[in-house]
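Enquirer: Using the hints, position chains B and C against chain A.
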Amino acid sequence: MLGYYISLALRSLRRTPVLSALMVAAIAVGVGAAMTTLTLNYMMSRNALEHKDDVLYALQLDNWDPHEADDNPSAMPWQVTYKDAISLLRSDIPTHQVAMHRWGGPISLDPSQNSGGEMRPFTAEARVTSRDFFALFDIPFLYGGSWQGDADTSPVQQIVLSESTNNKLFNGENSVGRTVNFSGTPFTVVGVIEHWQPSPKVHDLNNGSFNKSAEIFLPFGLHRSFEIYPWGNTNGWKPEDINSYEDQLGSEYVWIQYWVQLDSDEQRERYREYLTGFIREQKAQGRFPRPLKFGLSKPSEWLQLNEVVDGDDRMLNWLSLAFLLVCLVNAVALLLAKFLRKAAEAGVRRALGASRKAVFSQHLVESGCIGLAGGLIGILLTLAGLALVRQLQMGYLDTVASMDWLMMLSAIGLAILSSLLAGLYPAWRISRTNPSIYLKTQ
Amino acid sequence: MLELRPILSALWRHKISALLIAVQLGLTLAIVGNATVVIQERIERIARPTGVAVTDIVTAQFMPIAKNYDRLEAFRLDLDMIRQLPGVAAATVSRAPLTGGGSGTGLYTAPNQEIGATGGAQFWGDEHLIDALGMKLVAGRAFTPNDITEASFSSGWRPNMAIVTQQLADKLFANGEALGQSIYFSGEDNPIEIVGIVERNLGPWPNSHNAGSTVFFPAVMDTQWFDYVVRAEPGQREAVAKLLEEKLAERDPQRVVAVNLLEDKLDRYYAGDNTMIQVLSGVVSMLTFIVALGIVGLTVFWITQRQKQIGVRRALGASRSAISRYFLLENLMIATTGIVLGTAAAQIFNRFLASEFEQPALPLSTTAICALILFGISLAAALVPALRAANISPAMATRSV
Amino acid sequence: MLKMHNVRKSYRTDTIETHALRDFSLEVNEGEFVSVTGPSGSGKTTFLNIAGLLETPTGGQYLLDGQDVSDLNDRDRSRLRNEKIGFIFQGFNLIPDLDLFDNIDVPLRYRGFNAKERKKRIEKVLEQVGLSARARHLPAQLSGGQQQRVAIARALAGEPRFLLADEPTGNLDSLMARQVMELLEFINEWGTTIVMVTHDPDLARRAHRNIQIVDGQVADLRLQSALGEAVTA
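Going down the list, the protein sequences come from chains A, B and C. The first sequence lines up with residues 1 to 442 when you count with the UniProt record's numbering. The second sequence lines up with residues 1 to 401 when you count with the UniProt record's numbering. The third sequence lines up with residues 1 to 233 when you count with the UniProt record's numbering.
Since the hints were derived computationally from the structure, they do not count as laboratory data. Errors might be hidden in some of the hints.
Derived CB-CB ranges, DEER-like [unchecked claim]: (1) Asn207/A <-> Asp189/B: 33 to 41 angstroms; (2) Phe186/C <-> Gly413/A: 49 to 57 angstroms; (3) Leu8/B <-> Arg432/A: 23 to 31 angstroms; (4) Gly100/B <-> Ser87/A: 31 to 39 angstroms.
Glycine is no exception: its CB is placed at the ideal position from the N, C-alpha and C atoms.
Okay, chain A solo, but in the shape it has when bound (with noise of 0.2 angstroms):
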């Protein structure tokens, strides 16, 4: 029977060419505003790190003014200090553990390999990371590995490339055991990671969420060697007299991102334990004097303390579903409207052995034809939004402003439900009209 009542919504829809496109275009226009948004929701939603979910945790500890708490949701500062990220990094519970944060310099190719092409330096976007970086957040290599064990601690001048890195200094040839020159210096390519580009990029979340991720990593240990001052958020509470790069890194500002991955309820135990102890051992040595206070956050917890997706994005979210609502009601005006100026039809099924059901199917499918018509043109709207807000946002949103086949299912799916809904009560309304008042001439 679908397809037959499919083919009678087709000539209905057909019959009242105005009527119908009316009715499409509210559906695709609520469908195409609230995917929109709601694309725009699920994408800064997602979680790049759902596998290590219950393993990784990111970490705080609370060194803060004694006055007041740090100014955010947690109440914690969102980074460590340098001291206690090295400090953290000779523990050996952790499975991995990644200190880490945000740099950049000029790279270019080392000038005895230099000579053929001509090859300007650019400005490369850096993370500067102690070496479990690619194990605990799963990077795979293309070619080669991170870099030697002591790296952490010592000047070590080795340097992991990103595959577009490695395409644009070398051909996307392996690099490994090649040197490019950084910041005036020769480094030894180590390895180069498949693409990697989570977004929003969870593993660090202060330097814009969408930001593109970094272009090639360094070792740790390189601090001192060239006094590195990060890319990034440094906050202070405490009046420091900072007189040389010694006391900005023993100073209690704080600039580390810190990751931790622990497997078992055991290990994360352990962990809790020896936090605790850490801080107390540092509370007796004049640190730390707010109350004993650490944070460890699963990627997901991390994503939300951190709001990836701010007031503006969830009250776009809201207002564009109420949009869709009033697209729906118009649609619910409209499917009464045609639906009874169809009444005497449908009168004349019922005589002829339709039963209520039979004529409310009918018309809740010519409802479904209308929402599947509104969900297509509703992808393109879709695609049109976000292009818009790609180009608004000028770079800044393009790895979550795109539709995956999954939102353009559900875009589909939402016109058709939200059609079906709108049809429900006019089809009802016309499976319930007396047929013996239509079939008499009037």
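Expert: Just chains B and C now, with coordinates in the frame of chain A:
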């Protein structure tokens, strides 16, 4: 001749359809009203005066290729060169404001305090700073060449004087006598005298609640976080930008140079607000359009349904205008119901948005204006079908449908 | 075939209750051709709607083909209507969007026949009413008499045992009316029971039996052949 009673009873028979239109109008009012206040707020936010010559300023940075690079020497040579360039009105090395990147500090009006700081954004610059940013000095003086120190973050240097914005001055010294007073960093007793007050500077983060509280210190900082702030003569910024790119690379090729227009950076900073404005405006206009179409659709439908009735009325002597008036009055009553529902819904929706997303309150005046506009749109949408209804021939009365 | 016993039907509005049928009893035998007459508002249409299972009686008993249908649910009533009853209306009530073929197809679809069976039946009834050549025409392209023949074809396609006709010739001129009447008589001869509501005394007289409804009740019940003079409408 008002014929309300027959209209009401006719509406009552179409109560569901009429209610659907009213609900649509109501929801639309709720959305449009709330979107309007958000749009208004964002437009006002973007339109705020920044205190600097946004449209004339070009910024430039470089990153040295060599590891140990004498930045201060480069600053001196670059600035000497830049100031000679045609089209350049003033130049300094500081950090570009309004871009979302910068630093802040806490200030006190008495020495050795650690609680209750007044927050402010901080900048460093030389004697050309006020001129290069195009700021307006309202009291005191600018920095002189003798005031300027070359320093770095790890050199332990402390300023002994500062210029502040009027807003910060008022926050620090409520009595309005900030000029000549001293301010202090947290926990320190080194006095910093306020030697000048500028009218305004929104600082690095125009959308922060503290934007506009800004302090300037007389120093050239040896830091990788610097910008050459170059104010071009009006209309010259593109030429200056091009020249800067060329000349900076030419003076020392061993570095990567980036040149930007401050206005582009500010646009980028406001991209989120701008997105909200555009998206919400789009939502408002589409919504109004959809609702108007809905009203047209339903009025047309009702009229076709009542063709015979209209014919009978015409045959019994109703004038054309009486027929049009009938449908317009009908629409008016539906719209009124919708607007009443919508005013309430708008307030409820606004409470929700205000509490959840810190959106501005919806004033009654905005609701009233939106309501009036919707009223007009609703009547306009009904007008065409209503006028067409007047053309239905009295002969319809005798035709069987 | 059809047996009504003390059937009542009343309509309620806010203010008054109208009794359309009061203790209405009637029996129609298999193969009969019964005409129903009566003044306007006497309850003819209500009787027809109840007989055709379009409305349920307020009280009393209605047996259709030996089955008590007074308390059936909508689905079963619809199925019975589809399988056993054919309708013919004064206004033809063809669906204007559908061509003749698809109009006749409607009841067969609800019957659940497969495409081949439907096609066979449609072609057969179209031929019976002499409109095979017009299968793909829309109703508006036909004359009133042709439209009514299509409506009859549609009623016959499901091979109902029982045909209900409501003023089938009311909208037709006398020539066409006669043709339609002849068609009905022909159908009746093949065994289909027919109940026809009409105003036209000549037509009423052509039925085997005429019953008159006055004020919601059967006024007289005599064999048409025994009735000497015309029954006035």
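Enquirer: Can you give the numbers of the hints that this structure goes against, from lowest to highest?
Expert: none
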